[in-house]
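Visitor: Going down the list, the sequences are from chains A and B.
Read the first sequence against our numbering and you will find it ends at 1357, with the numbers running on by one and no gaps.
Read the second sequence against our numbering and you will find it ends at 1357, with the numbers running on by one and no gaps.
Keep in mind that the hints were calculated from the coordinates and are not lab data.
Note that the structure is predicted; figures quoted are calculated from it, not measured.
Careful, some of the hints might be misleading.
You can't tell identical chains apart in this list, so a pair holds if it fits in one copy or across any two.
[Unchecked claim] Here are the simulated lysine-lysine pairs, DSSO-like style, with alpha carbons at most 27 Å apart: (1) Lys-1173 x Lys-1344; (2) Lys-1173 x Lys-1230; (3) Lys-1296 x Lys-1325; (4) Lys-1350 x Lys-1231; (5) Lys-1231 x Lys-1253; (6) Lys-1230 x Lys-1253.
There are 2 protein chains.
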Amino acid sequence: MNTQISRSRFSKDPVQIRLSGAGGQGLITAGVILAEAAVVDGKNVVQTQSYGPEARLGASKSEVIISTKKIAYPQVTKPDILLCLSQDAFEKYFPQTNSDTLLILDSGQIEPQASDGRLIYALPITETAAATGSKVVANVVALGVMNALAGLVMPSSLREAVAKRVPERFRALNEHALEAGEKLAEPLKNRKETVA
Amino acid sequence: MNTQISRSRFSKDPVQIRLSGAGGQGLITAGVILAEAAVVDGKNVVQTQSYGPEARLGASKSEVIISTKKIAYPQVTKPDILLCLSQDAFEKYFPQTNSDTLLILDSGQIEPQASDGRLIYALPITETAAATGSKVVANVVALGVMNALAGLVMPSSLREAVAKRVPERFRALNEHALEAGEKLAEPLKNRKETVA
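Kindly generate the complete structure, drawing on both the sequences and the hints.
Guide: Given below as structure tokens:
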């Protein structure tokens, strides 16, 4: 029952999740995987991505809302969880969080300027992906981290959704990435870090 | 300038598109491909999918809103274009259209009960996909049909987006599927059919 503490944290229903970073970091795929995992769990899900010309250079985002009930408003208003995989994304989306938001950052990509004593999980996500085999699976490492910390979906559902969405020849790589993400978060479940 | 007539039809801005069918027909991927093609064209895009436990059995949908301006409301209110690849999807979403909606149906999957003299493009989308190599590319055939009829994005942008989103070993199959869809729609650009 590793995820019990964090599960209770996200007994919030609906839970609003924003996945952000640069184009090409696989955030749309990550959003779709998380959404499909939640469907396996029997939840209702809305999953959205917005992009424009400026998003090609700067920050892009993918959003997932998970609920046991019908979702009335399909847009993330205040994220309960914010993942940032790039500095641009952090600068753009950090201001739209509050002290209740669970912040997960890629410590290799982002130097947070914020110093409001906020609880932030800063982890070497892309570096872990590279060590697993390729930087391209940073999105799946991030899903592993996020789910280990927040207990959003059943770990088995997340595995099933990853296997379904990923091309067959990259399946093993992605499964290892998911596991690596979960392991990366493991020691943080009890020890909480703040950014000075 | 094949698409000139239909382009003028969708000079509407924003344009709201709903892609519907059964789970496993690749509608999420189709939505993402269309959205990414519109981004290549320099447009703003919001792309959404909603699913719940009931969607696993019945109709599922993916929505794309394309605009030259910032998109204020990220939800499809009244679709300008409705694609249906399954009978369930047709029955669920047809009532939410009006006489201005461009309807594109898979004639091999759907027997429309509606008889209000509405303009409907009913084409053998899945059958064409099967003839191209596999039923799994019905989603990309449908994109080819839709874009040939409505001129939503530059054909080259759609090609680029398909190539980007599809695993390398299925690239040729998907390129053929896109072409087959465009060709399927070709004779219908001038001749318009109604369902009795």
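Visitor: Flag every earlier hint the structure violates by its number, smallest first.
Guide: 4
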